[in-house]
Amino acid sequence: MSDTDEEVVSSTAAADSESVTTDAGDTGVVTDDASEVDTTDDAGGADSVAGDAVDAVATDVDVDRETPLEVEGLRKTFGGIVAVDEVSFDVEAGTLTGLIGPNGAGKSTTFNLITGMLEPDAGTVRFNGEDVTGLQPHEIANRGLARTFQIARELEEMTVLENMMLAPKGQSGEALWRSVLPITREAVEREEAAQLERVWEVLDFFEIDHLAEEYAGNLSGGQRKLLEMARALLTDPDMLLLDEPFAGVNPSLEKRLLEHIHELREEGYTFLIVEHDMDLIMNNCERVIVLHQGRVLKDGTPATIRESEDVIEAYLGGEV
Amino acid sequence: MSGADTGGWFDALFDRDLSLVLVVLAVIYVAYVLAGVAFGYGLRGQLNSIANLTFYVGVFGMLALALNLHWGYTGLFNIGIVGFMGIGIYVTALVSKPPVAEGGAAQVGGFGLPLGVGILAGVLVAGLFGLLVALPALRLRADYLAIVTVAFSEIIRFTMMSRTFQSVEVPAALGLRADTVGLGGGGGLILNYTDPLEALLRTVFLWEPYLAVLDVVQQTLIPNNPKPVVDGLLYGVMLLVGVFAFYVLLTRLGRSPFGRVLKAIREDEDVANALGKDTDRFKLTAFVLGAALMGFGGILWYSSRGSITPPSFRPNITFFIWIALIIGGAGSNTGSFLGGAIFAGLLYEGPRYVKNLVEAAFELGDAPRNFGEAMAGFASLDPMPFVLYTLDSVSQLRLVIMGAVLVWLMHNRPEGLLGHRKEVAASVGLDRPSRDETTDASAATDGGETR
Amino acid sequence: MSIADTYGRYRQTLAGDPLAIGVALVVLWMVLSLVSGLLSGGVQVSSLASLVWDGLLRGLIIGLAGIGLSMTYSILNFANFAHGDYLTSGAFAGMATSYLVAGIGENSIGPLLLVGAGGSVFGGALGIGVTTAPLAVLLGAVVAGGFAVLLALAIDRVAYRPIRDESGIALLITSIGVAFALRYLIQFVFGAGVRGTTAAGSVPRVNVPMLDGTVRITAHDIALVVVAVGLMLGVHLLLQRTKLGKAMRAMSDNEDLAQITGIPTEQVIRTTWIVGGGLTGVAGYMFVLWKGTLGFNDGWLLLLLVFAAVILGGIGSIYGAIGGGIIIGLTASVSVIWIPSEFGRAAAFVVMIVILLFKPEGIFSGRTTA
Chain A
117 MSDTDEEVVS
127 STAAADSESV
137 TTDAGDTGVV
147 TDDASEVDTT
157 DDAGGADSVA
167 GDAVDAVATD
177 VDVDRETPLE
187 VEGLRKTFGG
197 IVAVDEVSFD
207 VEAGTLTGLI
217 GPNGAGKSTT
227 FNLITGMLEP
237 DAGTVRFNGE
247 DVTGLQPHEI
257 ANRGLARTFQ
267 IARELEEMTV
277 LENMMLAPKG
287 QSGEALWRSV
297 LPITREAVER
307 EEAAQLERVW
317 EVLDFFEIDH
327 LAEEYAGNLS
337 GGQRKLLEMA
347 RALLTDPDML
357 LLDEPFAGVN
367 PSLEKRLLEH
377 IHELREEGYT
387 FLIVEHDMDL
397 IMNNCERVIV
407 LHQGRVLKDG
417 TPATIRESED
427 VIEAYLGGEV
Chain B
-19 MSGADTGGWF
-9 DALFDRDLSL
1 VLVVLAVIYV
11 AYVLAGVAFG
21 YGLRGQLNSI
31 ANLTFYVGVF
41 GMLALALNLH
51 WGYTGLFNIG
61 IVGFMGIGIY
71 VTALVSKPPV
81 AEGGAAQVGG
91 FGLPLGVGIL
101 AGVLVAGLFG
111 LLVALPALRL
121 RADYLAIVTV
131 AFSEIIRFTM
141 MSRTFQSVEV
151 PAALGLRADT
161 VGLGGGGGLI
171 LNYTDPLEAL
181 LRTVFLWEPY
191 LAVLDVVQQT
201 LIPNNPKPVV
211 DGLLYGVMLL
221 VGVFAFYVLL
231 TRLGRSPFGR
241 VLKAIREDED
251 VANALGKDTD
261 RFKLTAFVLG
271 AALMGFGGIL
281 WYSSRGSITP
291 PSFRPNITFF
301 IWIALIIGGA
311 GSNTGSFLGG
321 AIFAGLLYEG
331 PRYVKNLVEA
341 AFELGDAPRN
351 FGEAMAGFAS
361 LDPMPFVLYT
371 LDSVSQLRLV
381 IMGAVLVWLM
391 HNRPEGLLGH
401 RKEVAASVGL
411 DRPSRDETTD
421 ASAATDGGET
431 R
Chain C
212 MSIADTYGRY
222 RQTLAGDPLA
232 IGVALVVLWM
242 VLSLVSGLLS
252 GGVQVSSLAS
262 LVWDGLLRGL
272 IIGLAGIGLS
282 MTYSILNFAN
292 FAHGDYLTSG
302 AFAGMATSYL
312 VAGIGENSIG
322 PLLLVGAGGS
332 VFGGALGIGV
342 TTAPLAVLLG
352 AVVAGGFAVL
362 LALAIDRVAY
372 RPIRDESGIA
382 LLITSIGVAF
392 ALRYLIQFVF
402 GAGVRGTTAA
412 GSVPRVNVPM
422 LDGTVRITAH
432 DIALVVVAVG
442 LMLGVHLLLQ
452 RTKLGKAMRA
462 MSDNEDLAQI
472 TGIPTEQVIR
482 TTWIVGGGLT
492 GVAGYMFVLW
502 KGTLGFNDGW
512 LLLLLVFAAV
522 ILGGIGSIYG
532 AIGGGIIIGL
542 TASVSVIWIP
552 SEFGRAAAFV
562 VMIVILLFKP
572 EGIFSGRTTA
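Protein chains in written order, with our numbering: chain A, 117 to 436; chain B, -19 to 431; chain C, 212 to 581.
Note that these hints are calculated values from the structure, not bench results.
Note that the coordinates shown come from a computational prediction; the quantities given were computed from them, not determined experimentally.
Heads up, a few of these hints could be off.
[What the hints assert, rightly or not] Derived coverage of chain C by chain B (criterion: at least 3 residues anywhere in the stretch with Cβ under 8 angstroms from a Cβ of chain B; other residues may be distant):
1) 390 to 404
2) 512 to 524
3) 565 to 572
Each residue gets a CB set at the ideal place from its N, CA and C atoms; glycine is no exception.
Excised from the complex, chain A in its bound form (with noise of 0.2 angstroms):
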């Protein structure tokens, strides 16, 4: 059986976006088997086969814990600015936990201080029950948790195809005897070959394979956030944080992009998402955890949110 099948039936996904639409349920029957095209729903070949690009995509997600992410009085000043002050909460597993709050809140800080690439004055991050505060961020990328860039830092001189080549953790030839040395070095292309058998399978997850021989400096914005979100999942995270995905993403990208989040997450994938389009939050998040002016303002489901005052006063004059 050939992938010509394949690729035509993706294609016309891609094009007719709308009609792939994925309710939670629906793609919820998980096949390990992800090599196989198997239509074994007949809900229709294209759902089918965004349901197991979904399955080549998601990996084992090793969460056994309830809350992957906790954390716990972070607080970090600049020159005399408060810019993170005493901010605790906790990511539950498998949810969509949004992150909001008027410019300066301290979002983005509070994400790089997670991510380890800013050191917390006091405070603590656990992943996974592991305490990472104030590791390098190859060190936290490594245990699964897995950013993406408010301004999606593409590297620009490198093919989309390099772009996602370069995610997936430990490979073996990025030592460099491995890649040198005639023996070793076959080894290191077989698992190259295998490797780009899943990058494949990705870009065609989020639709950007017709993209990959692109220097990624050439995408759109749009496109780029999807190869910035599709790098991400090759390194086969726990745990997204997203830093503003969506913006100055068109409506129907924006959408595209919400379905895989959710497919996503139905696979067990956790995110935690900043956003400033507070509609989109309270449409899709479970939780919310509103900052404003770096303590945590209000933590709740979107109801709680949209009922608080506090929430109502602290977006007064800014954007909503």
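Start from chain A and add chains B and C according to the hints.
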């Protein structure tokens, strides 16, 4: 799959890069041979000229490649190249020079170990110093790293010149052959160890055959003392082999996950970190390897000389190699070599040849000794003194030309010849893999190798 | 704030800052070995004093040249590797003028203008010296500064302005090209030889008695101090009292403001080159006058020390450049007490490397700077 990929790699090499390199080299060599004809060189003269050209093409090519690893791949701004080169040759000398008692006129000796050991030691110690410099300095931004590396290379030069390390008596109690060792101070060291070419040939059991070949050459081509000429040519060939080895190493390195991470680091280190790469480790590895390669380049460069002295290790050479890399295009290995070749042929040796050509073509008088006398001619509307003075000063002027070329490049073509070319960093072709077993080979190879 | 409090605070800072601890230990060792040397007679007070004096003078030159480098580094955002050659250019221009003024009438113009290239004219014979030919020296210093200004502006127009928006690294590489071109043009015109520019023996000097020996102070030492301090005072007044100076201080002091206002206007840039270039040219001339020799490599040899001073003082800080210069000069000079003399400059480089590694913003940053 790997066999097909290597085949693909060779294909790419042979179709574009190799032809480009050969064309450029051919042009330069032909120009030099023609110049030789104009000078009335006999065979000996021509061969010497070619050997000399090949020497510089070889050393600048090798060192530009090593610098490409630092700057083109990893974004490490190293202007201490000459320091690592110097460490390489000085350590080799220290290890391989014979003791003073056996060494003739030399005032400072070495440990008398075989040359191969000395070279290995030189490369390792250069790499070690690379580690020493990189460990603290890795996190520095590019211009600070530049300042640190150039300060480092100057400190190395001061050490070479110093009286403190000039000569040290080795205690007899240690039972070593060496009696007095040291760095030779301001006078430097005489390289009185085995001639490297002879050492190499002996190791591969080709020494006797080589002597036989020399006999033949003596009888047929160069009746009068052919050895220096043939030695020079052979050394040049050896250097080109060295260039090729560097090239293969660096290309393999570049087309691998390791090289991929280096590229990512150069562009945006934070992203590499966010993807779980320990960027410090990668930068360290790249820096140490590059430093070791530079040490090796320094050894090959200076081994052909009879002696080494500290003034040879001033930062000018570092800047030459930088100019070579910028000309060729940082980031491209082929470009690095081409830059080295073009620099050697056109900017380094070229001006002297132009001067000799002009002098051979026209009957010229003596050049004025200074600028004043040169300008004096203009008073009587005679440009000749100035022209003569300019020609005579061509070794200084070539540095002015180099500077001007660098400025021009940075304004108009900072990516050099081939820097725009992006070499995809992966050990396999990145085309979409076919599910079908039998179409594996054709699908996976080709593409992604050269753009 | 009681003594106990202050003491506690110092202890806290010391404990938390490995650089401070390291420096404190090294300084402690240096002081102890110095004191023991002095007491035992191994080190003479007079030689120490001579070294300090020498280091101070060197430091003033480095500081003067450093002001320009610091300004261009911070306002134009690149490390100008051609800065040393601006120094050399000023020195040659100034010396040519001095030779011309001192020797005209008795010597032909050509050799005078070429500062005795080829050994045709000798500075000593001409009597170049601040006491023997004050007019020549004065004019020389003025021309040195003026020429360096013109040169800096011209180079900026030709080499740096076309790529003003490029990265600091691109400009750095370009400045290396400029340095090559400039230095070897100077060699082309003036020859490669190092020439003596003053009659060293005839410079008036004073042997100041100092405990166990004497410290020699020459008229050129004094001239150097006068000129350097005067110029630094001038820069200080410029920065504090004039509107332009205030603008420059704001630009340099407040990074955020600089970022908001974007790329600095051409006027600020011009002023930077004028002030910086002028100071550097004069520094070059005074340097050559003081040391009595002139060669085409002089500025380049000084360049790394000037970088060291600028980094030590904090890039963009003019007072920092002066302070840094003095510290570097003293380090290079006085370090011979503890280490072999050939490593004097190496010691200064080591200081710079240490600062870059541990406190790249410099030791004077954060204070009131300009």
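Status of the hints after comparison with the structure:
Proximity of the region 390 to 404 of chain C to chain B, defined as three or more residues with a beta carbon under 8 angstroms from a beta carbon of that chain, is established by the 13 residues found. Only residues whose beta carbon comes within less than 8 angstroms of a beta carbon in chain B count, and the region 512 to 524 of chain C has 4; three or more means the coverage holds. By the rule of at least three residues with a Cβ nearer than 8 angstroms to a Cβ of chain B, the coverage given for the region 565 to 572 of chain C holds, with 3 such residues.
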